[in-house]
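Residue numbers (my numbering), protein chains in the order written: chain L, 42 to 719; chain H, 990 to 1437.
Please note: incorrect hints may appear among the correct ones.
Claimed, not checked - Residues from chain H shown here face chain L by an in silico Cβ test under 7 Å; the list is partial:
#1 Cys1014
#2 Ala1018
#3 His1019
#4 Ala1021
#5 Phe1054
#6 Thr1305
#7 Ser1322
#8 Gln1323
#9 Leu1324
#10 Glu1325
#11 Ala1332
#12 Val1335
#13 Pro1347
#14 Asn1348
Keep in mind the hints are simulated off the structure, nothing from the lab. Since the model is a prediction, treat every value here as computed from it, not as a measurement. Beta carbons: idealized from backbone N, C-alpha and C, even for Gly.
In case you want the letters, here they are:
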Amino acid sequence: MSGSVLEVTDLKTHLDTARGELRAVDGVDIELRKGECFALVGESGSGKSMAALSIMRLLPETGRIAGGRVLLDGNDLMALPEAAMRAVRGRRVAMIFQEPATALNPVLTVGRQIAEVIERHTALAGDAVRKRTLELLDAVGIPDAVRRCEEYPFQLSGGLKQRVMIAAALAAEPEVLIADEPTTALDVTIQAQILDLLAKLQAERAMAILLITHDMGIVARMAQRVAVMYAGEIVEVAGRDAFFGAPQHPYAQKLFQALPSPEKRGAELSVIAGQVPPLTGTFDGCRFVERCDFAYLRCRREAPELIAIPGDRAAQRLVRCHLREQGLAPAPQGAPAAAQEQGRLLALNSAPVLAELENLGVHFPIRKGLFKRTVGQVKAVDGVSLAIRPGRTLALVGESGCGKTTAGKALLRLIPATAGRVAFAGRDLAALTRRQLREGRGAMQIIFQDPYASLDPRMRIADVLAEGMISLGIGRDAKDRMYRMAELLEQVGLPLEALSRYPHEFSGGQRQRIAIARALAVEPKLIVCDEPTSALDVSVQAQILNLLKSLQDRLGLAYLFITHNISIVEYLAHEVAVMYLGRIVERGTVEEVLGSPQHPYTEALLSAVPAVDGRRSIIRLAGELPSPANPPAGCHFHPRCPKAMPECRAAYPEAVQLGGSRSVSCVLYRASKAASSS
Amino acid sequence: MPVVLVTDVLVWLLVAAAAGYAIYCRRHAHLAGPWGRVFRSPAAMASLVVLGAYVALGLLDSLHFRPALAQKADAPSAYASEVLSVLDLGLAQLRGRGEKTYSAPLATRSYAKELIEQPDGRQLRDFPRLRFGGAQLHDEADWAADVAQRALGGLAVSVLLSFVVLLGTKILKKKRPDIPWQAAGISLGALLLLAGPAVALSSVYHVLGTDKVGQDVFYLALKSVRTSLVIGTVTTLVLLPVGIALGTMAGYFKGWIDDVIQYIYTTLNSIPGVLLIAAAVLMMQVYIDLHPETFPTAVQRADLRLLFLCVILGLTSWTGLARLLRGETLKLSQLEYIQAAHAFGVRDTRILARHILPNVSHIVIIAMVMDFSGLVLAEAVLSYVGVGVDPSTNSFGTMINAARLEMSREPVVWWALATAFTFMFALVLAANLFADAVRDGFDPRVRM
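Let the hints inform the model, and build the full structure from the sequences given.
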């Protein structure tokens, strides 16, 4: 087709693994048009990154391209010798990676790294290179480019590093930019900045972007066209609006249903049963057949082709499904069940407080010099007050580095608090002896973010589960504990034979279930969930959220849910506390805080989250999270706040009660409160 | 009468521990996996055969006794003051056939001229015939034919045996096709091809010559193997508990415990190792000399010095392992499963034993096999300097030490040094190859 810059046909990439040849990419066609942003979406292991690396011919050593063509303006990249390919990389097709921290060389200045690309691919030399470097740094929105140019990567924050990466990628004005999860390692407010930048550059330079992501929100915000990948194949291609309006492939539909959202509150999230099939084997039928609700006999026998949907104008939509081929209507999207928990909620509101943080502070000393004198404090948590009631979920949200995890661990006394009071079930934890504390450990448990690091790889699951029970003296004897372990596994939905296996035999989602079972083993009343789903795919995330929810309903558990994912908060939490730089800026019920945010930071945070449906107007935050070692004077947020006033600089604003359960720490409301009370 | 030397006890304890560890590994998937990878490496299997030969020699040499003296029937049994080992029994021929002084490999005549009284009464200054080497030859002109004949005879036997070995590998291949039996078979075959002629010739010749006092060099080399193995393994026995305990404690408890342990090992590291060892060994020597009554035999005295050398080496070389383990433990103690254990109120000692120790065990294994060859070489250096094993103990170091002065002699006496070098080289090379395979098998970063 005219206007296409990059045309990938029948691309096949194979990886050599211990278990045989893995067909990571198995016949992928992509057509990237001039100046468009084309999103490749899929869960981990779907082969989307491998497809991108294959286009660049930058595969890992074990990988090889088994077939297919990649036409860049009519020239086949696969047929080029390596020397000619090097001239294409960076010059005509550039790539930015997920982790800016490892993509830059730590011993070269930023300017040098960009200049390297310019010198390699253009005729510029000497001062012209430097001028161009500064232009590029300016173009990607790096303030004070002259100074930054001479700095080393470690002196830049994550967002700035990613901007430098983009500048280096743009240095030779490529026609195609491949962005492999460019914002996954960044916070939402920074993510919003980077996405804005990419969109602006794309418009200015008529550059085509191949955006690889797993986040539907980013797709909705950035892409003109979307392709969904599953198990090495593209299962659906569509324009953005058509795709988000009515996804056609059952897998794409399922992905949407698995996303948590406020409408689904109280209802179970739809999950995709099973796992992605191993790509080492061959397939007779559709690759999604084992997990599909609509599968019928033909799906098992015959692999579907990627076909245009009949009747769709201009054949813009392609889908790989037998159902669609026969012109069957798309299956109805699961209607969200009505929220039916209001009554129960009200009853719980008056329940006694289970755990209470009062002015909690966790300060880490900064030591310097020969005698390690304390020269300052990192105030990771600086005066946080929270109350958690039984059977309810309090979500603690904020960007990375705001101290939310530290607060959670200080509540469990995994990190000693340096100030304030932690009370659990009416008892002050600081007053307990070591022995009493150890005995009381069972009542509070924690689930971690990374299911791969949270289970000891050298212990069988039975030992993992028994550890806490033995330590806390739960269960009379081994037989009793065995009985309890069987019960636990049933609760988290794992088979009994899991007991004698090792963690590495389980998938990420299953490991997280084991971690939950381990926490439940000691009969806790409160569980601190530290981003328990952020390392998981959407479909697995839905399973874990469902599990947590049903456990709360059955056992009356209280959760302190630490997360940066607002949609999970909307789905799961009852109350929210928003944290910024060690302090809580706004607190209240989910409806109050997320429905009508009052603090400027909450507003900005919520608006920065890319939404699947519709678009919120984004409040752009300048700059990044300051260091907690040296917080700004007055309100910590004022340097970035769009509504800052002179008095914000004077002192940290006190928390102001607004309505029933909401409190906000902002100067804006002190005035209104004063006005209303007078 | 059996004699139990301290190092014998330790050696056999180590054998028992290794067997126990092997059984433990078979039952635990996370240990069986890496070892499986080790045994699937051809280099590891080949070097394992060589190491096995050395270990067999060393173990045979670790069963000591004092032979009964021939007595009249009614007299109480009496024992020789000399302590022998089972290996010595097998090598009785080699041991007993001492010459006067140097003789070249396979020679029939001594290396030094002597006054010989001829049958007719005249005196002649010439190279005398050896007492044992080639003594069966009436005419020395037959020497070449005799050597060739015996060598071929030995070779024929070993070819036959190699053939059996190859047949054996075929059968094993069918049972466990994933293990490279061929590599093991080939290296065993090569060993046999070398050993066959050597054994055949050694019955009447000195295959590798004799040393200054006429001892068979081949015998000395075989006897030195045990010393090397003891140094290489018993030392780790001393090194491991210290290194593991201090390393993991420093990494886990941090704070002042970490500071103290770090100061200890930085201090220890800044003292020249040889100086420290020399001082300790000389002190030990003084003690031995002042208390001769404690040691019934010379072998026991020499054995104590060997053991003491192991202890000293162990106490000065744990720092490397401790440093590695400290780093790994620092990393591990931040991991979430350790924090989960804290959240359960699990005690520190239990966390160290149940979580930290199993997760650093791969580093311990790698360090152990890598250290082995270093220690074998260290012994040679120390003995050369004169602060190593007792001069009466056979070791590669003492062999080299004895041979070094003869290097400047014309014509040069090369065989003692060459033998020590070859034997030690084969041992260290095999150990290094095996260590590489172990590291590849255990190191998670190497795993593809």
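| field | Interface hint compliance - H:His1019 to chain L, C-beta minimum distance less than 7 Å | value | holds, 5 Å
| request: Against chain L, run the beta carbon of H:Ala1018 and see if the smallest gap drops under 7 Å. | output: With Cβ-Cβ at 6 Å, under 7 Å, it holds.
| When the least beta-carbon distance from H:Ala1021 to chain L is tested against 7 Å, hint result | Since the shortest Cβ distance to chain L is 11 Å, the answer is violated.
| Should the hint that H:Glu1325 touches chain L count as held when the rule is a Cβ pair under 7 Å? | holds, 4 Å
| field | Cut-off 7 Å, beta-carbon criterion: hint that H:Phe1054 touches chain L | value | violated, 44 Å
| message | Under 7 Å is the threshold here; is the Cβ of H:Val1335 close enough to any Cβ of chain L for the hint to stand? | response | holds, 5 Å
| How about H:Ser1322: closest beta carbon in chain L under 7 Å, or not? | Check failed: Cβ of H:Ser1322 comes no nearer than 12 Å to chain L, outside 7 Å.
| said: Using the nearest Cβ pair, does H:Ala1332 come within less than 7 Å of chain L? | reply: holds, 5 Å
| request: Double-check H:Pro1347 for me: the hint is only fine if its C-beta lies closer than 7 Å to a C-beta in chain L. | output: At 4 Å from the nearest chain L Cβ, H:Pro1347 passes the 7 Å test, so the hint holds.
| request: Please verify that hint: H:Leu1324, Cβ, nearest Cβ of chain L, below 7 Å or not. | output: holds, 5 Å
| field | Evaluation of the interface hint that places H:Gln1323 against chain L, nearest CB under 7 Å | value | violated, 9 Å
| message | Quick check on H:Cys1014 please, does its C-beta sit within 7 Å of some C-beta on chain L? | response | violated, 12 Å
In summary, the numbered hints that this structure violates are 1, 4, 5, 6, 7 and 8.
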